[in-house]
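S.K.: First to last, the sequence lines map onto chains A and B.
The numbering used here puts the first sequence at residues -4 to 698.
The numbering used here puts the second sequence at residues 18 to 180.
To be clear, the hints were calculated from the coordinates, so they are not data collected in a lab.
The model shown is predicted, which means the values in this text are computed figures rather than measured ones.
Glycine residues also receive a C-beta, built at the ideal position from the N, C-alpha and C atoms.
Pair by pair, the computed Cβ-Cβ distance ranges are: (1) B/A66 with A/L579: 30 to 36 Å; (2) A/K354 with B/R53: 29 to 35 Å; (3) B/E51 with A/D322: 31 to 37 Å; (4) A/V528 with B/R53: 45 to 51 Å; (5) A/N36 with B/E51: 55 to 61 Å; (6) B/E51 with A/Q359: 25 to 31 Å.
Facing chain A, a subset of chain B residues (Cβ under 7 Å, in silico): (7) P62; (8) V79; (9) P80.
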Amino acid sequence: MSIDMSQFHQVFFEECFEGLEAMESGLLTLDMGDIDSEIINTIFRGAHSIKGGSGTFGFTVVADYTHIMETLLDEMRDGRRQVTQPAVDVLLGSVDCLREMLTAIQNEQDVNNASVAKHKSALEVVLNGGTVTEELSPPVEQEAVVSEELAVNVVPDIVEEESIELGEQGWKIAFCPYLDLLKTGNDPVRLFRELNELGDLTTTANIQDVPGFYELDPEECNISWDLKVVGDISGDEIREIFNWVEGDCEMEIQPLAKAVKSTPVVKKADPEPAAVITPSNPAPKPVEVKPKVATETKKSDSQDADNDATKNTAKASSIRVDTDKIDTLINMVGEVVITQSMLGLVGENFSMDKVGQLKRGLAQLERHTRDLQQSVMNIRMLPISFVFSRFPRLVHDISSKLDKKIALKLVGENTEVDKAVVELINDPLVHLIRNSLDHGIEMPADRVAAGKPETGTIELKAYHRGGHIVIEIIDDGRGLDKDKLLAKAIEKGLIEENNLLTEKQIFELIFMPGFSTAEQLTDISGRGVGMDVVRRNIQSLGGNIEIISELGKGTTIAIHLPLTLAILDGQSVAVGDETYIVPLVSIIESINITERMLNKVAGKGETFRLRNEYLPVIRMRRIFNVHSGNPTKSKEGVLVVVEGQGELCCLLVDELLGQQQVVIKSLEANYRRVEGVSGATILGDGSVALILDVPGLVRFSIR
Amino acid sequence: MTTDVQSNNSRVEQFLTFQLAGEAYGVEILKVQEIRGWEAVRVIPNTPAFVKGVLNLRGSVVPIIDLRERFSLEHCEYSPKTVVIVLCVEHGASQFVMGIVADAVSDVLDINLEEIKKSPNFGSKIDTRYMRGMHVYKKKMIMLLDVDKLLNPDEVEGIESLV
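Construct the complete structure from the given sequences, taking the supplied hints into account.
M.R.: In structure tokens, the structure reads:
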């Protein structure tokens, strides 16, 4: 067994996090009145596979923890336990706790034992507490119930939980296969090997049933075994191994601690959950175990501060791609290779009569290249559900905190966006949704008074529109109050009192730094930071944000984002012999001017008067030290009016060349950041052109 | 370094040598990615003069550095013989690709590491940090450059601030 398990860790963690997400969404969709067993099954499966995986990889902390969750879920699944809101909340908390544990393990940090213990005891309270109330409902003496439970063969479960508390365990298995076990393709040796992975395995073979050599049928299994596994293993894990041979053998699985069984069982009946945790049990090794736990806790405490400081180091970012997409890609590459060899053949003995063939080949190559580019881009595309799936939880938590009734509706979760966009859009969306929850939707009573349904709705919608993705957050809450916004802005001195603003401009006030109309601050929102950050984040992604609102009816916030960050619509401009690309989104307009139209401002450079507004002018020639080209030509040029971070300014260039889509290449990959330049791209003729960093230039012009 | 070499006498490394204003220089051949003829580059604004610009190298944007200007040697016009040696530079955990402009490439030499002489100390005025050592070949001195230190992006920036 010398396989290096660590190579599978990445996959394991990814699967765990997926499992956790599935559990989370399952828990959130659980409807208290009407329990859908399929949902509970889904949650159970998630917990089960995390438990199995973490056991295999030796993350016993996780395995133990998940086991308790699993026990609880198992009882819910079998209908032995009522699904109650508190139980679900505890389970949700456990999902968070598991996620923390896994993250810590993934980053090779110590698990925060204190919080794990907290969640663990919460789980146990539910587990035991639930049992207690159930036990109390029939007016029977507790002792009797316990013995009843014993009779219903719950023994291993109980002892198992107990022993997990004590941190030591072992199992005794009497394994007596039927004669034809081998014929079913099962090999006991393999089972033993698996058992050995779980813990220390001792086998004793009973060969008294083995016949004499001449009567021996090699295809029959005449041996039976007594197995002893020592280690911290749950009964389910053992049973799982023997799952395949269940019908082909007689088997008895007993915990080693059975000798002291009577004590734990009595403990179990103790209605005080605290007692479960005290290790006053006379089991063999508790003394040894206890100090270990203590030192671990100490260690993790001292490292807590470090944990916060160390960032999530070097997390390999990976992406799951549909095999379909890869197949298309491979197919496409094959086509390109074929076309290439065909062109090679044409070129080998080229004569003028082959021109037609060459042209056809080139056209084909062009088509294939375009397809290839598209399918490669497709690989980076992820459904937006990666972001959306986190919101049901957020809405659930916050709405219960605010005592509001809110339903979240997700539309268009399968809309695909670039992976980078998915990663960067999360925070702004969280912010906007929190805002809608807190300020948008009214309290149930207010809603009823306003003649609206008691439950508010927030709709999260994503769709494609012409090379952009649009994400809308629609709530049916109270809407934005124009007069209030205006009054607040004037009060805070953000605008002049007698300014006339359009509706759109008023709504945009909420993006100003330091603006908040919330009457009181909550920990959810209202501090007036945020909306300006949201807008800046979205603009840095090359998108924009728009608000439509009607007082009393609700608010719609629409975010437009480019589909990918790897391609940009650009306007190429010439300055001397150099070509630069100006991102099209930042261009407001372009004006042909002559030198005379610029106004010199003493000591402050030049300005241009555009419709009663004086804008600073940046001479690209000067700030980029371009000396080539025809200097007389600069007597006249083109002013490109650009906007960056809300400021307007003019770039003076020699001429406009054309618009094109450019692929963004990083300058930093091989060099370093250059002021005024956000990246580079490669033009049609193979030469490099620099992409201008408009906000950077605007900052530069102000300085 | 010296103890290391003594313990292993037969360590030989290959160096690519090139000409620069009549002098011979060498770089480890394992750092060399390719050698190509000079072609026009795109100027990056506001960078030191020895950063000639960037080049499109099969889709990645690679900065090109003129060693003549870097070493304050007399400038000469680029000719068809001028070459760009594309080097793979390691800096910490990351790798950079950069090109250096040289008059001509001459040879690939097997140099026993033991025969590399430490670069003389010219006093504090002349910086020998970028030199790995000197090697005498056919009575000519070859200066062996430490590419990682010479073309370190931070270094390139640092020099700019000194200029």
